[in-house]
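**Student:** With the hints as your guide, set chains B and C onto chain A.
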Amino acid sequence: MTRRRLVGTLAFAAFTAVIVAAVALIPMQDYTMHILVQTATFSIAVFGLAVVLGLCGQINLAQAAFFGFGAYAVGLGTSTLHLNFWLALVIGMGFALAMGAVLGMTTLRLGGHYLAMVTISFQQIVTLIMVNWIALTHGPDGVSGIQRPALFQSAQAFLAVCVFAMALVGYMVWQLPTTRLGRAMRAVRDNELAAGVAGVNVYRVKVAAFALSAVLGGIGGGLFAGGFSYVSPDQFSFAESIVFITMTLLGGVSSPIGALIGTGLLIVLPESLRFLKSVPGLYLAIYGLAIILIIRYMPDGIWGFVQDRVRRLLPPPPFAGAPEELVLTQAGTASPGQEPPALEVQHLAKHFGGVKAVDDISFQVRRGSVHALIGPNGSGKTTTLNVLSGIYTATAGTVLLAGSDISAVPGHARTIAGLGRTFQNIRLFRSMSALENVVIGAEQGGHHAEVSHAALVERARAALAFVGLEGRAHERVTGFSYGHQRLIEIARALAGQPTLLLLDEPAAGLNSSEKLGLLELLRRIAAKGLTILIIDHDMTLVTQVAEHITVLNFGRCIADGVAAQVLRQPDVIAAYLGTEPDAPAFH
Amino acid sequence: MPLLSIDNLVVRYGEIEALHGVSLSIEAGEVVTLLGANGAGKSTTLRAVSGLLKPAAGDVLFEGRSIAALAPEAIVKLGIAHVPEGRRLFPGLTARENIMLGASNRGRVAKAQLVRESDEMFDLFPDIRPFADALGWMLSGGQQQMVAVARGLMAKPRLLLLDEPSLGLAPVIVQKVFAIIGEIRRRGTTVLLVEQNARMALSMADRGYVLETGRLAVSGKPAELWSNDEVRAAYLGGRIDKDI
Amino acid sequence: MDLALQLFFTGLGIGAVYALVALGFVLIFRATNVVNFAQGEFSMVGAYLMVVFAVDLQWPYGWAFLAALAGMALLGVIFNLGVYYPLRHRTFLPVIIATIGASIFLANTVLALYGPAPQVLPGWFETPGVQIGPVYLDSQYLLIMAVTIVLVIFNFWFFEHTLLGKKLQATSQDKEMASLLGIPVATMIMLTFVYSALLGGIAGILVAPILFVSIQMGATIALKAFAATIIGGFGDVKGAIIGGLALGVIETFGAAYISVPYKDGFAFLVLVAFLIFRPQGIFGERVAEKA
Chain A
1 MTRRRLVGTL
11 AFAAFTAVIV
21 AAVALIPMQD
31 YTMHILVQTA
41 TFSIAVFGLA
51 VVLGLCGQIN
61 LAQAAFFGFG
71 AYAVGLGTST
81 LHLNFWLALV
91 IGMGFALAMG
101 AVLGMTTLRL
111 GGHYLAMVTI
121 SFQQIVTLIM
131 VNWIALTHGP
141 DGVSGIQRPA
151 LFQSAQAFLA
161 VCVFAMALVG
171 YMVWQLPTTR
181 LGRAMRAVRD
191 NELAAGVAGV
201 NVYRVKVAAF
211 ALSAVLGGIG
221 GGLFAGGFSY
231 VSPDQFSFAE
241 SIVFITMTLL
251 GGVSSPIGAL
261 IGTGLLIVLP
271 ESLRFLKSVP
281 GLYLAIYGLA
291 IILIIRYMPD
301 GIWGFVQDRV
311 RRLLPPPPFA
321 GAPEELVLTQ
331 AGTASPGQEP
341 PALEVQHLAK
351 HFGGVKAVDD
361 ISFQVRRGSV
371 HALIGPNGSG
381 KTTTLNVLSG
391 IYTATAGTVL
401 LAGSDISAVP
411 GHARTIAGLG
421 RTFQNIRLFR
431 SMSALENVVI
441 GAEQGGHHAE
451 VSHAALVERA
461 RAALAFVGLE
471 GRAHERVTGF
481 SYGHQRLIEI
491 ARALAGQPTL
501 LLLDEPAAGL
511 NSSEKLGLLE
521 LLRRIAAKGL
531 TILIIDHDMT
541 LVTQVAEHIT
551 VLNFGRCIAD
561 GVAAQVLRQP
571 DVIAAYLGTE
581 PDAPAFH
Chain B
1 MPLLSIDNLV
11 VRYGEIEALH
21 GVSLSIEAGE
31 VVTLLGANGA
41 GKSTTLRAVS
51 GLLKPAAGDV
61 LFEGRSIAAL
71 APEAIVKLGI
81 AHVPEGRRLF
91 PGLTARENIM
101 LGASNRGRVA
111 KAQLVRESDE
121 MFDLFPDIRP
131 FADALGWMLS
141 GGQQQMVAVA
151 RGLMAKPRLL
161 LLDEPSLGLA
171 PVIVQKVFAI
181 IGEIRRRGTT
191 VLLVEQNARM
201 ALSMADRGYV
211 LETGRLAVSG
221 KPAELWSNDE
231 VRAAYLGGRI
241 DKDI
Chain C
1 MDLALQLFFT
11 GLGIGAVYAL
21 VALGFVLIFR
31 ATNVVNFAQG
41 EFSMVGAYLM
51 VVFAVDLQWP
61 YGWAFLAALA
71 GMALLGVIFN
81 LGVYYPLRHR
91 TFLPVIIATI
101 GASIFLANTV
111 LALYGPAPQV
121 LPGWFETPGV
131 QIGPVYLDSQ
141 YLLIMAVTIV
151 LVIFNFWFFE
161 HTLLGKKLQA
171 TSQDKEMASL
181 LGIPVATMIM
191 LTFVYSALLG
201 GIAGILVAPI
211 LFVSIQMGAT
221 IALKAFAATI
231 IGGFGDVKGA
241 IIGGLALGVI
251 ETFGAAYISV
261 PYKDGFAFLV
271 LVAFLIFRPQ
281 GIFGERVAEK
291 A
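Protein chains in written order, with this note's numbering: chain A, 1 to 587; chain B, 1 to 244; chain C, 1 to 291.
Derived by calculation from the structure, the hints in this document are not laboratory data.
Note that the structure is predicted; figures quoted are calculated from it, not measured.
Incorrect hints may have been included.
[Unchecked claim] To give an idea of the chain C side of the interface with chain B (calculated C-beta under 7 Å), a few residues:
1) Q131
2) M145
3) K166
4) A170
5) L180
6) L181
7) G182
8) I183
9) P184
From the three backbone atoms N, C-alpha and C, an ideal C-beta is built for every residue, glycine too.
Looking at chain A on its own, in the form it has when it is part of the complex (with noise of 0.2 Å):
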């Protein structure tokens, strides 16, 4: 842990328990304590919300129904089944977690506006069973006699219990945007493509993300029915929901303190605004147009827009040290000549309906050489590059990495088996730094199991400094030029330690000076021995890298071969050139 999470631990624990004991000691009224419940309480649910909605992207319309699952389990654990309170209060958590597992694993490999309307029902049906199952839930009447945990029987002590459980889980998620989970949220939240390609698991991210929010929505909801001691249908309805949504938008959509923000104005302020809930429905309505209004003109939420500023003012913290050299290749096992190549292609054919974008095609790339792969705008190059990445799944053919099949790996496993891969139109998570996307590349890369995290945060910066932008690192990516970014995104694949570095179009949208640092550290890559095999239009810069070349047009290979002999191929020129018109020469 570095320092400055340390000291900011430290703080954070101190001034926890400062707040809890002033909770617990100072004498207060009821009123007060009901509120101070709530807040706490609910402040948890919109934690879990931040998660998944602020963090991840992700839109979960059912968090009352969680809440209440969590209620419910505390409410009839300990009053009708008479179980000890925090064993009733993990069976919420567990109820809350299988359920929201199931939804989200049922709903997020489809769009977001499934999982909405999905949310939508599933709160719907919930509320119906509550009300009717009367057997199960006492119905509308709701649940009484719930009682606290032994050691904690009196309000205030309740109380400080959990304000407690709202701080330890405010730590949880205000650290949790900077570990490997955290970051591939946010990766997934920025850019899906990118994720995936960078190695994430993008399904299993989601997952998570919606299973962790459906539990800290059955915290808070155990907890609420501590607090209150009583439970009904109504309290966990889909307008409740829509509050804790609002909750999360106002005080600011991914940090736990907007969340606090946020939470708190809206409890306490219609509390003063009491006269609004004299009259049935205004009170939600002013929360429907807020919704409204907070997204079209403070979408980051008060505390996002705290946030902005204070970030300019704080400066990163500064490395320990040296950047290492960056490790480009593993020791092969079989000697040198007998390996596989690095990327094998059979017969490779992909079909869009009628339209045969690539139609068989077959090449070798060497181990350790520059292989670049050329043909006029719609020969299939892009398709073929996307079929080998995996974002499109062959029609026909096979592709062997080092020798293995991965043919019927999915994308982000490639990653894993030594893809690296640049995009043509750069692909960077545009939220974070240089450093961190490049982290992402290390963490979601080959071999990141084997290595600790401090060691893969050390090869992100080894492979920064070896692009040159070490200098920059904690600057967010959108600050940089665009040559520069491409450079973010080459690191950003090399820290995954490839076996292949597949380049698409690198040199796109780079002016003179840009190619040539380019060409430059092409060169510097295939030194070190990694195989590249690069995609572009830039005949100067293809030339001046490329060993071998395999030209495509119309989806077919029309040569494939050493670099100078393929350019002097008259039908390699005439692809490219254009053919003769039949009318007579240039006027």
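**Tutor:** Same frame as chain A, but now just chains B and C:
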């Protein structure tokens, strides 16, 4: 006064500057071609002219009047039709319907009139007449390109912007498409042609400009450009024989 | 067997309502790529407007209906300008949340103005129904089916045979290309919202005499409409209609043979079943391959 004049155009995509101050002009009746490698900014230039992109600096003048701030719907009403890269037929509509919608810039036109005019288009492009009622997505690349150009012509434009019409087409089809461009030119429409097939484009054009990473590198008559080393290097590196 | 036939007919009737709401929903989605979570509230507002004009102001039904439609058209305009249009360049998540906010706002504003007690809208006809053989055809159900058939035919004619309908289709297939041709995209989207609001409103007005006119009716109908679009294939027009009808029938049979209070739950179960086993619905294309 040139029909179209682009003055020091600067265009950005977010933080990235794609055009760094490009200037060119087109006289009425000309066919001018814009060449360059991928990513050079050719399509960006067309999109700035047709209003899909707003310039960060510089101006676009049509018949002397600035159009840089206008929306695409307004620009096409003035007489500039853009046939974008990739054809972009409406996949769920038939070839004829696509063509008829090309007249959407001309105000109220009776449906019967539009049907007549689309028949005239089939005279100009006889290869697609059998596919008049086929849905957009079912047509081949070449057929789509012809429908897209026909659709562009339905707007009765003064200036036609053609973005990479030969993209992905077999040489035989490319010949046909370019023959049509010749016919369009004969009928008096001014054409700004962005093309990857430098050979075909230069054989058709009166003048050409070559863009390189957002800047104008070279301009001139086709014969000059063809023998200019920089142009050939941009496409194929410096190692090719001049006589090809 | 008689009972089954009766249930089938009733199911079609209620399914037709779902079909109309689902249709409005799908049209907005195709034009803007936005899932409009306030679609159900359009039905609710339509029904309440009818109550205002026909019951409170005692206008004759015909005039009340026209006035309610005018109100719905206005709502469509305001909704587009206030909710969708300012957010049209943002990603889909803020827009979804905004439409949810709008649905909350609409439902609760009506609640604040009218109070929580359900309203009663009398049926359109004097005769409550017609007996044909073993089946009793409630006249309101007959009306619903007749109106739905007319609207579906109109919808087909409009989109397939008019130039404006073609322009709307073009806008939903490729907005940028449509603008390049001179099609006024913003106007097309406005029209789509108005049309969908009208469809939703008509559905609400038709079903109002059968259910009570209540604040919650919007949410319930929306849930069914969502399920209908998933069943039929998300984004597919005929799928929305067939899905709506199918859902109505399934639900009615379910209520009769399995359980009444959980009737609304069938929509959810069918929805989840389709999402697990056939997410593209009956007519949709494969959802999974995301490139």
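**Student:** For which of the previously enumerated hints does the structure constitute a violation, in increasing order of number?
**Tutor:** 1 and 2
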